[in-house]
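Asker: Listed here are the chains, written in short residue letters.
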Amino acid sequence: MTSPDGDGLRVRPRRHPLRWIGAAVVFLITAAVVFSMVTNSRFEWDVVGQYLFSRPILLGVLTTIELTVISMVIGTLLGTLLAIWRLSPNPVLSGATGIYVWVFRATPLLVQLLLWYNLGALYPQILGISANDLITPWTAAILGLALHQAAYTAEIVRAGLLSVDTGQREAATALGMPPTLTLRRIILPQAMRAIIPPMGNEVISMLKTTSLVSVIALPELLNTAQTIYARTYQTIPLLLVATFWYLVLTALLTVLQSVLERRFGRGATRRTASPLVEFLATHTGSFAAAQGGRGKKRTEQHS
Amino acid sequence: MTAPLVQAKGVRKSFGRNEVLKSIDFSVNAGQVVCLIGPSGSGKSTMLRCINHLESIDGGELTVDGDHVGYQLRGNVLHEISEAEACRRRTEIGMVFQQFNLFPHMTVMENLIEAPIRVKKERREVAKERAAALLTRVGLEGKTNAYPRQLSGGQQQRVAIARALAMQPKLMLFDEPTSALDPELVGEVIQVMNDLATSGMTMIVVTHEMEFARAAADSVIFMADGRIIEQGSPNEILNNPHNERTRSFLARVL
Numbered sequence: 000m001t002s003p004d005g006d007g008l009r010v011r012p013r014r015h016p017l018r019w020i021g022a023a024v025v026f027l028i029t030a031a032v033v034f035s036m037v038t039n040s041r042f043e044w045d046v047v048g049q050y051l052f053s054r055p056i057l058l059g060v061l062t063t064i065e066l067t068v069i070s071m072v073i074g075t076l077l078g079t080l081l082a083i084w085r086l087s088p089n090p091v092l093s094g095a096t097g098i099y100v101w102v103f104r105a106t107p108l109l110v111q112l113l114l115w116y117n118l119g120a121l122y123p124q125i126l127g128i129s130a131n132d133l134i135t136p137w138t139a140a141i142l143g144l145a146l147h148q149a150a151y152t153a154e155i156v157r158a159g160l161l162s163v164d165t166g167q168r169e170a171a172t173a174l175g176m177p178p179t180l181t182l183r184r185i186i187l188p189q190a191m192r193a194i195i196p197p198m199g200n201e202v203i204s205m206l207k208t209t210s211l212v213s214v215i216a217l218p219e220l221l222n223t224a225q226t227i228y229a230r231t232y233q234t235i236p237l238l239l240v241a242t243f244w245y246l247v248l249t250a251l252l253t254v255l256q257s258v259l260e261r262r263f264g265r266g267a268t269r270r271t272a273s274p275l276v277e278f279l280a281t282h283t284g285s286f287a288a289a290q291g292g293r294g295k296k297r298t299e300q301h302s
Numbered sequence: 000m001t002a003p004l005v006q007a008k009g010v011r012k013s014f015g016r017n018e019v020l021k022s023i024d025f026s027v028n029a030g031q032v033v034c035l036i037g038p039s040g041s042g043k044s045t046m047l048r049c050i051n052h053l054e055s056i057d058g059g060e061l062t063v064d065g066d067h068v069g070y071q072l073r074g075n076v077l078h079e080i081s082e083a084e085a086c087r088r089r090t091e092i093g094m095v096f097q098q099f100n101l102f103p104h105m106t107v108m109e110n111l112i113e114a115p116i117r118v119k120k121e122r123r124e125v126a127k128e129r130a131a132a133l134l135t136r137v138g139l140e141g142k143t144n145a146y147p148r149q150l151s152g153g154q155q156q157r158v159a160i161a162r163a164l165a166m167q168p169k170l171m172l173f174d175e176p177t178s179a180l181d182p183e184l185v186g187e188v189i190q191v192m193n194d195l196a197t198s199g200m201t202m203i204v205v206t207h208e209m210e211f212a213r214a215a216a217d218s219v220i221f222m223a224d225g226r227i228i229e230q231g232s233p234n235e236i237l238n239n240p241h242n243e244r245t246r247s248f249l250a251r252v253l
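Line by line, the protein sequences are chains R and H. Quick note on numbering that gives the first Met the number 0: the first sequence kicks off at 0 and runs consecutively. Quick note on numbering that gives the first Met the number 0: the second sequence kicks off at 0 and runs consecutively.
Bound conformation, chain R alone:
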């Protein structure tokens, strides 16, 4: 039945009863896990609390952050250069970078770290400096992490550069923009939209990968925790301490990633809100104002 003028009809959105059942199941499982974590005394939460903000652990966290930042910065810069060279018309450049990417992606990082750490066995003297002075756990870690990361970054950046329409380069060229300026102002900023999400994952992955350098006795977060439990035998609580900090740092990085994605998404038509945020917005109304602000302005201009 339709009403003659179409006015009298109410629209009822589809209901989703299964989602509520799903939510209940998820809630129950979570509650069970939390209950066991609280009641099982072998978690030794008191020991976790005792070490969580202890000085050695905080120093380990700091070292982990430093390793992540420094190797990501070097890895990203080098990787971007590699990607640009890889796409260069110069066959020597593109071939050499191709080999680099192959070598550094085709060997396990753990092996690379151990090799760098033992470089002194190959070259006792490097540029006149004793290898033992030059190759500390710290430099071996940075070398290993950064050079390995550069190979992965190169592939991500290359894919990003290729995702930009060739018309963009032509338009910039026709305006008299030289190749480097075109790359910096036109191609890279657009490639960023394709580069940022995977690079965000790379940073998060790097944060956790730094734990590998514990094998060359660099006191980052995991190595510090291991050193302590080697002495006190409180293995589980100290691993939980490390877990806690990895979770916190990853959460912070995830927030940073979404901010960056929004920043480089300028000019693109898109919806930023995740399904969960939209769900909450429509069912509570409280998110609507905060989330709608930026996007709404755009759609108004569209008319």
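Treat the hints as calculated values from the structure; they're not laboratory data. Hints are not guaranteed to be accurate.
One side of the interface only, derived from the structure: several residues of chain H facing chain R at Cβ under 8 Å [unchecked claim]:
#	residue
1	51
2	80
3	87
4	98
5	240
Sample of chain H residues lacking proximity to chain R, with all beta carbon distances greater than 12 Å (derived) [what the hints assert, rightly or not]:
#	residue
6	6
7	18
8	22
9	74
10	97
11	214
12	235
13	252
Here a beta-carbon is modelled for each residue, glycine too, at the ideal position from N, C-alpha and C.
Using the hints provided, position chain H relative to the given structure of chain R.
Answerer: For chain H alone, coordinates are given in the frame of chain R:
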């Protein structure tokens, strides 16, 4: 008599084994509007792209205002010059593309001032002032802060024309500027191009819009299979074509 602004002599161009331009000769005087017409694959777009050295040529000679764009004549040989030097010469040639190719991460204003500021080292205020005037000229003064994707195709193409004009070129190249547009949006772009033609801009236009050719062109060139088959005034070419190929092409498009 002054030298023509654009002069092509025996221009040849191949993509691999496929020869797309087979000895092209034509000239365009300053202030003239020339339309290149012809079936797809006839080489007209390639011809246009050779003029500002987006494509290199394999033989012959192509000059804009006496300059070999992208080349330097030494002895009897044209040497391809560095990309940076080619860029400097390109600043005097504006180009409008079929797919607009606006920079999507920049606002309309940023699109217009990017090259004047970065390439011609103009002061920001100067560039913005001219950009604003150009946007008014193409009827988009209200869209300064919009992003390209928020505009219709016709509006985007008008911004693209304004962006090319912001470099104050002495020659404008149009590569099928209305082919990607919905039919109802073609008129607004044609109108801007007509105004530009009236203002005395030298224009070379690859187009399927025969009405534009009839109204605005001083000369029409019909190309097929990499050759110029016929050229002359719009009336000659569009109304009384001598060549059979021109006739059959026009019969299909008009």
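Asker: Look at each hint and say if it fits the structure.
Answerer: Here is how each hint holds up against the structure:
Of the supplied interface hints, the one on residue 51 of chain H holds, with its beta-carbon coming within about 6 Å of a beta-carbon of chain R, less than 8 Å. Interface restraint check for residue 80 of chain H: the shortest CB-CB distance to chain R comes to about 12 Å, outside 8 Å, so the restraint is violated. Interface restraint check: residue 87 of chain H against chain R, minimum CB-CB distance 7 Å, threshold 8 Å, status holds. Given the 8 Å rule on beta carbons, the hint for residue 98 of chain H holds: about 5 Å separates it from the nearest Cβ of chain R.
Nearest Cβ of chain R to the Cβ of residue 240 of chain H: about 32 Å, over the 8 Å cut. The hint is violated. Even its closest Cβ contact with chain R, about 20 Å, leaves residue 6 of chain H beyond 12 Å, as expected for a residue assigned away from the interface. Listed as outside the interface, residue 18 of chain H is consistent with that label: its C-beta sits roughly 23 Å from the nearest C-beta of chain R, beyond the 12 Å cut-off. The Cβ of residue 22 of chain H sits about 25 Å from the closest Cβ of chain R, beyond the 12 Å cut-off, so the non-interface label holds.
Interface exclusion of residue 74 of chain H from chain R stands, the closest Cβ pair being 27 Å apart, more than 12 Å. Distance to chain R contradicts residue 97 of chain H as a non-interface residue, since its nearest Cβ pair spans about 9 Å, not more than 12 Å. Chain R leaves residue 214 of chain H outside its interface by the beta-carbon criterion, the shortest separation being 26 Å against a cut-off of 12 Å. At roughly 31 Å from the closest C-beta of chain R, the C-beta of residue 235 of chain H stays outside 12 Å, upholding its exclusion from the interface.
Annotated as non-interface, residue 252 of chain H keeps its C-beta farther than 12 Å from every C-beta of chain R; the closest such distance is 25 Å.
In terms of the numbered hints stated before, the structure departs from hints 2, 5 and 10, listed from lowest to highest.
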